[in-house]
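Number of protein chains: 2
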Amino acid sequence: MERVYNFSPGPSALPLAVLEKAQKELVCYKNTGMSVMEMSHRSKMYLEIIQDAEKLLRELMSIPNNYKVLFIQGGASLQFSMVPLNLMKKGKADYICSGEFAKKAIQEAKRFGEINVVASSEDKVFSYIPEIDSSKFNKDADYFHITTNNTIYGTRFRTPPQTNGVPLVTDMSSSILSEEYNVSDYGIIYAGAQKNIGPAGLCIVIIREDLVTGTPNNVPVMMNYKTYVDNDSMYNTPPTYGIYMAKLGFEWLKDLGGVKAIQKLNEEKADYLYDFLDNSKLFRGTAVKEDRSMMNVTFVTGSEELDDKFVKEATKSGLENLKGHRSVGGMRASIYNAMDISGVKALVEFMKKFETENK
Amino acid sequence: MERVYNFSPGPSALPLAVLEKAQKELVCYKNTGMSVMEMSHRSKMYLEIIQDAEKLLRELMSIPNNYKVLFIQGGASLQFSMVPLNLMKKGKADYICSGEFAKKAIQEAKRFGEINVVASSEDKVFSYIPEIDSSKFNKDADYFHITTNNTIYGTRFRTPPQTNGVPLVTDMSSSILSEEYNVSDYGIIYAGAQKNIGPAGLCIVIIREDLVTGTPNNVPVMMNYKTYVDNDSMYNTPPTYGIYMAKLGFEWLKDLGGVKAIQKLNEEKADYLYDFLDNSKLFRGTAVKEDRSMMNVTFVTGSEELDDKFVKEATKSGLENLKGHRSVGGMRASIYNAMDISGVKALVEFMKKFETENK
Chain W
39 MERVYNFSPG PSALPLAVLE KAQKELVCYK NTGMSVMEMS HRSKMYLEII
89 QDAEKLLREL MSIPNNYKVL FIQGGASLQF SMVPLNLMKK GKADYICSGE
139 FAKKAIQEAK RFGEINVVAS SEDKVFSYIP EIDSSKFNKD ADYFHITTNN
189 TIYGTRFRTP PQTNGVPLVT DMSSSILSEE YNVSDYGIIY AGAQKNIGPA
239 GLCIVIIRED LVTGTPNNVP VMMNYKTYVD NDSMYNTPPT YGIYMAKLGF
289 EWLKDLGGVK AIQKLNEEKA DYLYDFLDNS KLFRGTAVKE DRSMMNVTFV
339 TGSEELDDKF VKEATKSGLE NLKGHRSVGG MRASIYNAMD ISGVKALVEF
389 MKKFETENK
Chain L
39 MERVYNFSPG PSALPLAVLE KAQKELVCYK NTGMSVMEMS HRSKMYLEII
89 QDAEKLLREL MSIPNNYKVL FIQGGASLQF SMVPLNLMKK GKADYICSGE
139 FAKKAIQEAK RFGEINVVAS SEDKVFSYIP EIDSSKFNKD ADYFHITTNN
189 TIYGTRFRTP PQTNGVPLVT DMSSSILSEE YNVSDYGIIY AGAQKNIGPA
239 GLCIVIIRED LVTGTPNNVP VMMNYKTYVD NDSMYNTPPT YGIYMAKLGF
289 EWLKDLGGVK AIQKLNEEKA DYLYDFLDNS KLFRGTAVKE DRSMMNVTFV
339 TGSEELDDKF VKEATKSGLE NLKGHRSVGG MRASIYNAMD ISGVKALVEF
389 MKKFETENK
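Those sequence lines, one after another, are chains W and L. Take the first sequence: its letters are residues 39 to 397, numbered as in the numbering used here. Take the second sequence: its letters are residues 39 to 397, numbered as in the numbering used here.
Source of the hints: derived by calculation from the structure; they are not laboratory data. This one's a predicted model, so the numbers in the text were calculated from it and none came from an experiment. Ideal Cβ placement from N, Cα and C applies to all residues, glycine included.
Over 10 Å on every C-beta distance to chain W, these chain L residues come out as not near it, computed from the model: (1) K93; (2) P102; (3) E218; (4) V221; (5) D268; (6) K298; (7) K327; (8) K347; (9) T394.
Quick list of in silico lysine-lysine cross-link-like pairs, BS3-like style, CA-CA up to 25 Å: (10) W:K62 - L:K59; (11) L:K162 - L:K148; (12) W:K319 - W:K350; (13) L:K82 - W:K354; (14) W:K350 - L:K68; (15) W:K354 - L:K68; (16) L:K62 - W:K59; (17) W:K162 - W:K142; (18) W:K347 - L:K82; (19) L:K142 - W:K264; (20) L:K141 - W:K264; (21) L:K62 - W:K68; (22) L:K68 - W:K59; (23) W:K391 - W:K354; (24) W:K82 - L:K347; (25) L:K142 - L:K174; (26) W:K142 - L:K264; (27) W:K264 - W:K128; (28) L:K59 - W:K59; (29) L:K68 - W:K62; (30) W:K127 - L:K148; (31) L:K391 - L:K347; (32) L:K59 - W:K68; (33) W:K162 - W:K327; (34) L:K62 - W:K62; (35) L:K93 - L:K106; (36) W:K148 - L:K127; (37) L:K350 - W:K68; (38) W:K264 - L:K148; (39) L:K162 - L:K174; (40) W:K148 - L:K264.
Starting from the given sequences, assemble the full structure and let the hints guide the process.
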């Protein structure tokens with residue numbers, strides 16, 4: 039069976055080499071006589087896996103020693119609550135509303151405190167990153183929240199806002215490990231695994247040590263960062279297999295040359311696709327040029343009918359999951375780390391052909 | 039590589055047939071051209087998997103129509119908070135303290151309301167199920183909580199307590215699907231997957247419809263049962279691969295003849311091991327006979343030194359993870375659904391040999 043090119047926004051394509059390694063080791067991992075899925079999370083053999091995963095991520099992202107790496111369940115959506123529940127001391131936070139998930143994060147945080155939306159791009163269907171005016175910042179905010187990459191509308195922050203000592207928290211689900219980030223710019227980075235890390239069911243949280251303190255006693259134990267810090271993410275059974283898959287992914291990325299190397303490849307892929315879009319007479323990108331995402335490329339033909347036809351015919355040609363998010367329509371090609379340039383080239387070839395056939 | 043007999047209490051052994059099927063399908067699932075891990079959770083191909091999983095579980099446990107089946111992350115430990123956060127309306131609940139996890143559930147519930155511990159077996163290291171005196175029940179309780187099977191100390195409730203209309207909630211993590219239960223006896227059944235269902239990172243919640251109501255607005259969206267009910271467990275990305283593995287496990291169990299059939303096999307396994315213990319001159323079971331677990335068999339030699347020696351030598355013979363929980367010592371053989379009678383026989387053979395050699 040031939041593999042398709044999978045442009046799904048998440049869960050999304052994983053590197054073939056990672057899948058093949060996992061397949062080989064699935065029934066018996068190394069000389070242990072059992073599957074990773076069957077290992078006690080407290081066994082020596084499993085501890086090696088989770089510790090390696092953390093070590094590799096620290097290396098790949100140059101995570102400073104005063105940051106903790108936590109393995110948590112519940113996806114980024116659980117972080118939408120955990121961030122305010124743990125960080126709100128004064129009960130105030132600043133948010134940038136740059137997309138659907140940013141909006142959900144804001145909605146959720148409002149349960150727990152006073153939220154100041156510093157800037158929003160909702161007026162133009164989130165097709166740009168809003169201008170940020172620091173005079174609108176709340177100096178008393180417990181934290182400042184952004185969504186680094188906007189999966190649905192295909193935009194991204196190129197540089198994080200300067201928050202003058204207020205801890206910057208970011209949802210980095212759809213761009214973590216895709217380009218170099220300076221971890222020290224952030225108080226918390228969190229990311230659901232199912233885009234650039236591994237299978238769904240794991241969320242990585244990178245948190246500056248001094249922020250893990252003073253969480254009120256009425257916060258559920260599983261929502262308190264301290265529970266994870268104090269127990270090396272093993273207060274209860276972590277998602278052991280997901281962490282193993284993440285480890286394989288980190289190894290793959292390291293072998294490839296690390297984040298600097300993948301960033302170069304990602305730039306090539308995105309440039310290739312955007313260049314085509316900018317010169318096409320049928321297709322056009324929907325995000326403002328200077329804010330374009332490197333991971334999620336959104337585009338339309340201008341006709342809903344043609345969009346539908348395109349998605350259907352692409353699927354038949356082994357180019358899958360190109361339909362835009364149900365809230366926005368059009369097309370979206372998610373070209374995460376695991377998508378090879380050959381997939382992007384195949385997509386562009388197909389788009390050229392489609393353009394010729396549908397003049 | 040030969041597989042070992044894995045007596046781990048969780049994550050624990052999975053059926054070899056399930057692992058082999060997963061291995062075969064890992065890189066490409068059927069004719070989809072992708073791994074299950076790479077599928078969008080909203081794709082038709084994945085919806086089939088999650089819907090089949092639910093259908094199979096409903097069939098296996100004869101779950102009535104007025105119960106919802108939810109797929110949640112965070113393990114049973116997250117349920118320790120979700121149950122009180124969702125069910126407490128008057129702020130009161132009754133709990134039975136029959137083991138370490140029951141104790142944790144109580145500890146956690148105390149953050150959210152007034153907890154009445156109706157009975158406890160902590161006085162004798164949780165080696166029995168306490169007598170339950172219904173005059174101690176709080177008639178105003180929002181719910182009544184038990185832990186059906188005690189993984190650490192090896193005891194179990196043979197019949198659930200009669201709670202006179204107060205919803206009975208149970209942590210069934212280590213005995214779900216091991217014997218027939220009448221779902222209608224319970225308001226909520228929850229179970230971490232990593233013992234009798236599939237890999238860690240998935241928790242199954244079976245909840246009576248009328249209990250999904252009136253959760254206060256300050257409860258995090260991911261901790262509100264209604265979020266899962268209203269979105270078919272897809273408010274955000276569920277642990278897709280874990281659910282797929284669970285589905286394979288349910289299929290395996292159905293092929294085997296369902297819960298009635300596995301119960302018979304489990305009874306045989308447990309009887310075989312307990313019979314040996316009752317006749318041994320070296321080993322003895324630690325749980326009171328009438329409350330013995332069918333899943334977790336706890337035993338000691340009476341000498342810590344011999345216990346250590348036993349565990350070490352057993353490991354060398356391919357009988358792994360027999361060490362008792364760190365809080366109690368001794369030995370524990372977890373013989374969940376996936377443990378074949380051949381494993382139990384191999385263990386008993388080894389115990390006989392050890393007994394002869396260490397008279």
